[in-house]
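K.L.:
Given the coordinates of chain A, assemble chains B and C with the ligands onto it according to the supplied hints.
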Amino acid sequence: MAQAVAHAPAHGTNTGIENRKLLMWLFLGSECLFFGSLIATYMVFKFDVIARGVGPFPHDVMINGVLHHGILDIPTTSASTFVLLMSSLTMVFAVYGAQHARPTLMKLSLLATIVLGLVFLGFQVYEFVTFVHEGLTLSTNLFGATFFLLTGFHGTHVGVGVLYLISMLAASMRRNGLGADAGAHVEIAGLYWHFVDIVWIVIFPLLYLMP
Amino acid sequence: MDDTRWARARAQTQRFLPVMALAVVAVLAAACETNLPQSTTVIEGSHNATLWVPYRMVFILAAIVFVAVMALTVIFSITYRERPGRTARQFHGNTRLEIVWTLIPIIIVTLISVPTVNAIVAEAQPIAANALRVDAIGHQWWFEFVYLDEKVTTANELHIPEGREVAFNLKSVDVIHSFWVPQLAGKTDMVPGHVNDIKFTALRARPEPYLGQCAEFCGTSHANMRFRVFVHTEADFAAWLKSAAANGANPASALEKQGQEIFMRSACIGCHTVQGSAAAGKVGPDLTHVGSRTTIGSGILVNTPETLEKWIANSADVKPGSKMPPMAKSDGGALSKEEITAVAAYLSGLK
Amino acid sequence: MATAAGTLAHHAESGVWSWLTTVDHKRIGVLYGITAFSFFIWGGVQALLIRTQLAVPNGEVIPATLYNQLFTMHALTMIFLAVMPLGASFSNFLTPLMIGARDVAFPRLNALSFWVFAGGAVILTSSFFFEAPGAGWFNYVPLAGRTYSPGQGIDFYVIGLTVLGLSSLMAALNFAVTIMNMRAPGMTMMRLPVFIWMVLIISFLLILALPPLTVALIELLFDRNYGTNFFNPAEGGDPILWQHLFWIFGHPEVYVLILPAMGIVSEVLPVFSRKPLFGYSAIVFAGMAIAFLGWAVWSHHMFTTGMGAVPRTIFAANTMLIAVPTGVKIFNWLGTMYGGSLRFNTAMSFSVAFIALFTIGGISGVMHASPPVDTQQQDTYFIIAHLHYVLVGGAVTGIFSGIFYWFPKMTGRLLDERLGMTQFWLWFIGVNMTFFPMHYLGLVGMPRRIYTYDNDLGWGFWNMFETVGAFVIAASVLLFVINFFRTMQQEPTASDNPWDAPTLEWATSSPPPEHDFDVIPVVRARDPLWYNRDHNIQAEQPTGEHIHLPPPSYYPLLLAVGVSVLAVGPISHIAFTALGAVIAVYGIWGWALEPTE
Ligand code: HEM
Ligand SMILES: [Cu+2]
Ligand SMILES: [Cu+2]
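Chains as they are written, first to last, in our numbering: chain A, 1 to 211; chain B, 1 to 351; chain C, 1 to 597.
Extracted from the complex, chain A is given alone in its bound form (with noise of 0.2 Å):
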């Protein structure tokens, strides 16, 4: 059967997978590696910044007798993570309106994602913001640099991600909505999203959890 489209559509294909649905699962595997790296990087300096005592220090450490105050916040942080989770749950919704035409919930849905995405936003530019009134900045020492550099790229991937499901929601308020397509442009926008969320997961026990 020859395929009538450049550019086959979802049924047409080898492996069964839609081709942009595929190129997102590929994508995703390359930001395993980004962040991965990143996240080495972390690791690699975690324990040379207190072997060095230039703090500001994320946990609370002795060192020479003195006890040094870690900066992290760990209860605010459980927060803005709880809302990152909720948000997860809420695109779940939205894949689900999408997918079975019903897109009252799907609008709703991907409107409580984007207001918990804020959120989170909203919680790191207030840690960032306090961190750097207590002292800590990129240059500080490397935890500095390690924090701000690791969990500055996943906010951005939230932020690309909440920009991302804003235009949905916009595009899905015109006339015909998001077209025929639509189970398949919400879910592969909430892939990405499930993706940003779960390498919150990684980080916040790596970053505050262990000390």
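To be clear, the hints were calculated from the coordinates, so they are not data collected in a lab.
Owing to the predicted nature of the structure, the values given are computational and were not obtained by experimental measurement.
Note that beta-carbon positions come from the ideal geometry of N, C-alpha and C, so glycine has one too.
There's no promise every hint is true.
Said to hold, decoys possible - Heads up, incomplete: computed chain B residues facing chain C, CB under 7 Å, no partners named:
no.: 1; residue: Pro105
no.: 2; residue: Val114
no.: 3; residue: Pro182
no.: 4; residue: Val191
no.: 5; residue: Gln213
no.: 6; residue: Lys257
no.: 7; residue: Thr273
no.: 8; residue: Gln275
no.: 9; residue: Ser277
no.: 10; residue: Ala278
P.N.:
Below, chains B and C with the ligands alone, put in the same frame as chain A:
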């Protein structure tokens, strides 16, 4: 290819054959260089002796594989050339052959692995009790050597005894360099923030020095970052150490005396040390016995009063990028030509 | 428009605008090819300057700083702007044709990859007008840090490579999806042409290898410009971290460079041996093994950095293991020649030369896989010999073979064989003259990256010899350029399948129509056209269906301009970033809303 073209080609080759033979002979004659002071296949140090075992092995195996694959390529190219009546045999592969030629490289690399691991283990032995311990420190673009127990500091010319292990701590104050004396030992990098080590025993004393060279690209004058290693008998080495530990010599002439005064009131002492004097700078090479070195500028110039003058006047002229600022008035420094001559005389006298 | 195939939404036009807006994989392939070949010549000019300086001891043609910039830019130009995109040129032109598709999965993304590549190339090359990077292509810190490289050169390196990496990533994603998803009916994975297998493997290598490089570049950018100390030992940073991140990318990258040539040779050898490829599955699995093992060997570039005995042993063992699949490939190519009827035209000659030259590079690779041996070879001309045998003797020789082989398909014209064979012999002689003595020079202690050397080291003769060889190579490339222009002036008279080759791209016209195939072919065997020939199977008849092709679009170009302008912000003025972002957002917007029907 048709026969007439073949014949023509053959005739042409025959005409050029004598010329080609002559050219080959000329090339070989010119290429038979016997003096190769940085050859890696000469074994003058224990490190080279250790690595020579896998080294020789890889060469032998490489030669065999090379000859075999080249021969097969050439033979197949000739034997199976397209010609009238020849048809290609159609087959897709052969499992037994695949197994055989998977095994061949496995055998080859196993043969290389065994001496390789042996050599790695041998290199990891602890330092000998009587070893001479030296800090070798890389700077852009020169080497500093500090004899740890003897408290002697020198630059670009390393003196060691024959038959005794020398254990180096390799360090760098700026960028990555690499410490390499091909005839004595393989290279190890000098990485800022790390202390690497290498140790080897020079097998014999000899009058001419072994040549070393920085082997990791380190900026503008990387090519000019060379050093020399002098291997002495124990007695000669003891004598050298004694003189090297002494303070800088006193000026022997009026000119040298004048040079010393100029040296001591100029920018020189901000960077250089002369033991027993006010000069205690740490940025540049220790000059306490600079007059006794055979070369200056990390091995790029023979050490004479004239080359010293040239160097002092504007070192970047002979060594691009040199971190030592020009001293000649004409190049923005503070010293006149005469003053430079005097300083050079003083330095030459620091035997 | 009506064709034999039925109706066709037709866009083929000529003129500059049609090239700027094309989303046709064949045209994008041509764009890659011409751009990359121009950079190949530019990189060659840099090489000739380098060789001229080294021709005699204490040469005084080129001063130290410029020399250091030249060898840095030579490597960057050749690797990222010539050999990689030449590979991309082949994969663009051929992938849809060889798998029986009408285009890649994402035609506009494909155009975007090319234009972003062009942007990165312009950024990197324009550094010559300001300050070219001069810390070597692997750009070791701290030398590449702000303290020891205060000028802008390294910033050009960082930005240029980041942008080029983005381009490669997009292309890799696109080709992986295309090959996994868009094969013609019957084109199973184990019937894929070897070249396509190699493209797939390269795509995966790039998808996974680029991020560590990107992270390293970002960290360096921050170190240089925003006060972090990732690589600054004085503040607790570690220069070795850069080396790990760079070579985790760098070693897979060398396979990205060589695998296209291995694929090309695996297509050319059977055609001109008049018999099927020997050991198809062995070659495919060896390719996968190489790509897989390639992840566990990066530290063989760091044997002299003071690694412990255990990691040295492990990385040495892994590196030696790679010789096994590599050897398997070489033997299978020889097996393909065995018993054949070899027609030594230019394409075939280059492919056979590839076997010989690549083998030499492979052998030297195994030699310095032994860490104790490597302490004598690392950073000497022996390594330069190794990498040029694999990259010039291997990759570029294979690429020339591919050019001669597919030229009729790409242009409808056959390159002149007399000029071609002359070029081949000059190439073969020149490459060996230039690079073989480098083994020797390395063994007698000549370090790499030195702009000068003393007379009494005994290196003078062979350096002069190599310089002569370099000009022989230049003559060979010049002949090719002449051949190209002469051939392009002739009428396109090549038949659909002038070589009687077995793969699908030869089933359509030369050059192919914009829609590639009037009818998507059905694949019944690994060498489909030979199978059809031997079983008297006629090509499928057109069904008269409507063929839809994506319309041209200028948004990829616009978006690429936006990305490039955005990227130069950190080395010029932040306003550029803002401007670039505006252009990029507009580009994405237009892209998303543009009808593709
Ligand atoms: C049998 C296969 C191979 C082995 C065992 C091998 C091994 C090695 C080793 C151990 C090094 C590091 C040497 C040193 O710096 O001291 C090296 C360097 C290098 N190899 Fe290979 N190699 C192989 C094939 C290839 C291929 C296929 C390519 C590319 C097409 C390649 C490109 C390079 C390059 C570019 C460098 C030098 C990078 C630099 O220092 O600038 N190698 N190889
Ligand atoms: Cu150096
Ligand atoms: Cu490698």
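K.L.:
Quick one, is the B/Ser277 hint okay against chain C at 7 Å, beta carbons?
P.N.:
Because about 30 Å separates B/Ser277 from the closest Cβ in chain C, which is outside the 7 Å limit, the hint is violated.
K.L.:
Should the hint that B/Pro105 touches chain C count as held when the rule is a Cβ pair under 7 Å?
P.N.:
4 Å, holds
K.L.:
If you take the shortest Cβ to Cβ gap from B/Val191 to chain C, is it below 7 Å?
P.N.:
Holds, about 6 Å.
K.L.:
Minimum Cβ distance from B/Gln275 to chain C below 7 Å?
P.N.:
28 Å, violated
K.L.:
Once the shortest beta carbon distance from B/Val114 to chain C is found, is it less than 7 Å?
P.N.:
Constraint on B/Val114 not satisfied, violated at 10 Å.
K.L.:
Answer holds if the nearest beta-carbon of chain C is closer than 7 Å to that of B/Pro182; otherwise answer violated.
P.N.:
4 Å, holds
K.L.:
Given a cut of 7 Å on the nearest C-beta pair, is the interface hint for B/Thr273 held or broken against chain C?
P.N.:
23 Å, violated
K.L.:
Hint B/Ala278 vs chain C: min CB-CB distance below 7 Å?
P.N.:
Violated: closest Cβ of chain C sits about 29 Å from B/Ala278, beyond 7 Å.
K.L.:
Measuring from the C-beta of B/Lys257 to each C-beta in chain C, is the shortest one below 7 Å?
P.N.:
35 Å, violated
K.L.:
Under the criterion of a CB-CB separation shorter than 7 Å, is B/Gln213 in contact with chain C as hinted?
P.N.:
6 Å, holds
Against the hints set out earlier in the document, violations occur for numbers 2, 6, 7, 8, 9, 10.
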